Structures are given as structure tokens and as C-alpha cells.
Amino acid sequence: MSIDEQWYEIQLSVPWVVAGAKSVQDAINIAVAEVGTRTKSTEARSSEILVQDVVCPSCGYEMEAALCTTDFALVVLTVIVEMLAESHEESERVAKRELGVRMKDIPLTVLETRPVDEADEKPEMNFADLGRDVQSRNETK
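If you count by the numbering used here, then the sequence shown holds residues 503 to 643, one letter each, in order.
Think of the hints as simulated: they come from the structure by calculation, not from any bench. Keep in mind it's a predicted model, so treat the numbers as computed, not measured. It cannot be assumed that every hint is accurate.
To be verified - Keeping only pairs whose Cα atoms sit at most 30 Å apart, straight-line, the calculated DSSO-like set for lysine-lysine is:
1. K524 to K606
2. K542 to K598
3. K542 to K524
4. K606 to K542
Said to hold, decoys possible - Cβ pair distances, simulated, as ranges:
5. Q508 to T571: 42 to 48 Å
6. L569 to R616: 29 to 35 Å
7. T611 to E588: 32 to 38 Å
8. K606 to E545: 38 to 44 Å
9. R599 to L569: 26 to 32 Å
10. V612 to S543: 18 to 24 Å
11. G602 to K524: 17 to 23 Å
12. S525 to R595: 34 to 40 Å
13. I608 to S548: 18 to 24 Å
14. Q527 to E588: 38 to 44 Å
15. E592 to S560: 39 to 45 Å
In this text, a Cβ means the ideal position worked out from N, Cα and C, and glycines have one as well.
From just these sequences and the hints, can you work out the full model?
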């Protein structure tokens, strides 16, 4: 990590086509698993995959963005990755390059990019602390 580089969180919209899904939930599970496999092989420090929600314009009901037909399904996912870069623009390019190579012919749309501050980083879980009460955990640190 050079002095000018920092971690950025990039959110991308990924439409994923699933062949042979028997139900909407089956299509979602397959899409998340396939995208997850591809995302793990990138240079991302961390990643998260969520199914996007859509809102009915007439009643306001929210539902998952998944459409299942006889032989195919379309699931719209949000992929959130943390990438090392020197700027917002470079972080978007790095994320699209890293994911785009692994997801041929899939349009990747950047939804949001933000720098990850040191305060935003999640502390690592110490498994030895599991089961201890909060006061005794703080005393050992």
C-alpha cells in the first residue's frame, strides 16, 4: 500500500441471468453463489452481495428484483467491494476491471463510491472473547 492509496467501498449493480432455476428463491441462491465465487477471486479486501429491491409504483410494496420465467431468471444484485486505489475515479475503474474480467458480457453499473475511513473499519473478531461479558473483555485489552 503506497502513501497515496487508500481503501474505497464501491457499490455496483450486477444483473445476473440464471438458467434452469425452478423458483425465484432458487434463482437468487444460484445468482448469489455464482457472483460470490467470482468476487472472491478479485483483489478486493472484502465483499458483500445483496439482492436489490424494487418498489411497486402504485402500491409502494417492496420486493426483490428477481424475475423468473419458464427457463430463465434475472436477478439484480448489488455487489459491494473494498478496493485499494488513489482516488474515487480510480477505485471505480479498478472495481470494474477486477469484476469485469470475471463477469464477461455483464454490464456493471457503479451506484456509489466512498472512501473507507479507519473508524469505519470493522474490528476483527477475537474468538477467545466470545462468551465473555463486555467488562471482562475490556479489562483484558
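Hint by hint, here is what the structure shows:
1. For the proposed pair K524 and K606, the alpha carbon gap of about 24 Å is at most 30 Å, so the pair holds.
2. Proximity of K542 to K598 is assessed by CA-CA distance (about 14 Å); at most 30 Å being required, the pair is judged to hold.
3. A distance of roughly 26 Å separates the Cα atoms of K542 and K524; the hinted pair therefore holds under the 30 Å criterion.
4. With a C-alpha separation of about 16 Å, the suggested pairing of K606 with K542 holds against the 30 Å cut-off.
5. For Q508 and T571, the hinted distance range of 42 to 48 Å is satisfied, since their beta carbons lie about 43 Å from each other.
6. Range check, L569 to R616: Cβ separation about 30 Å, and the 29 to 35 Å hint holds.
7. A beta carbon spacing of about 22 Å between T611 and E588 contradicts the range 32 to 38 Å that was offered as a hint.
8. Checked against the hint of 38 to 44 Å, the C-beta distance between K606 and E545 comes to roughly 18 Å, which is inconsistent with it.
9. Restraint check, R599 to L569: a C-beta distance of roughly 29 Å satisfies the suggested window 26 to 32 Å.
10. Distance hint check for V612 and S543: the Cβ-Cβ separation is about 20 Å, which falls inside the suggested range of 18 to 24 Å.
11. About 30 Å separates the C-beta atoms of G602 and K524, a value inconsistent with the hinted range of 17 to 23 Å.
12. A hinted range of 34 to 40 Å for the beta carbons of S525 and R595 is consistent with their spacing of about 37 Å.
13. In this structure the hint that I608 and S548 lie 18 to 24 Å apart at CB holds, the actual value being about 21 Å.
14. Between Q527 and E588 the beta carbons are some 41 Å apart, a value that agrees with the proposed interval 38 to 44 Å.
15. Evaluation of the 39 to 45 Å hint for E592 and S560 yields a pass: the beta carbon distance comes to about 42 Å.
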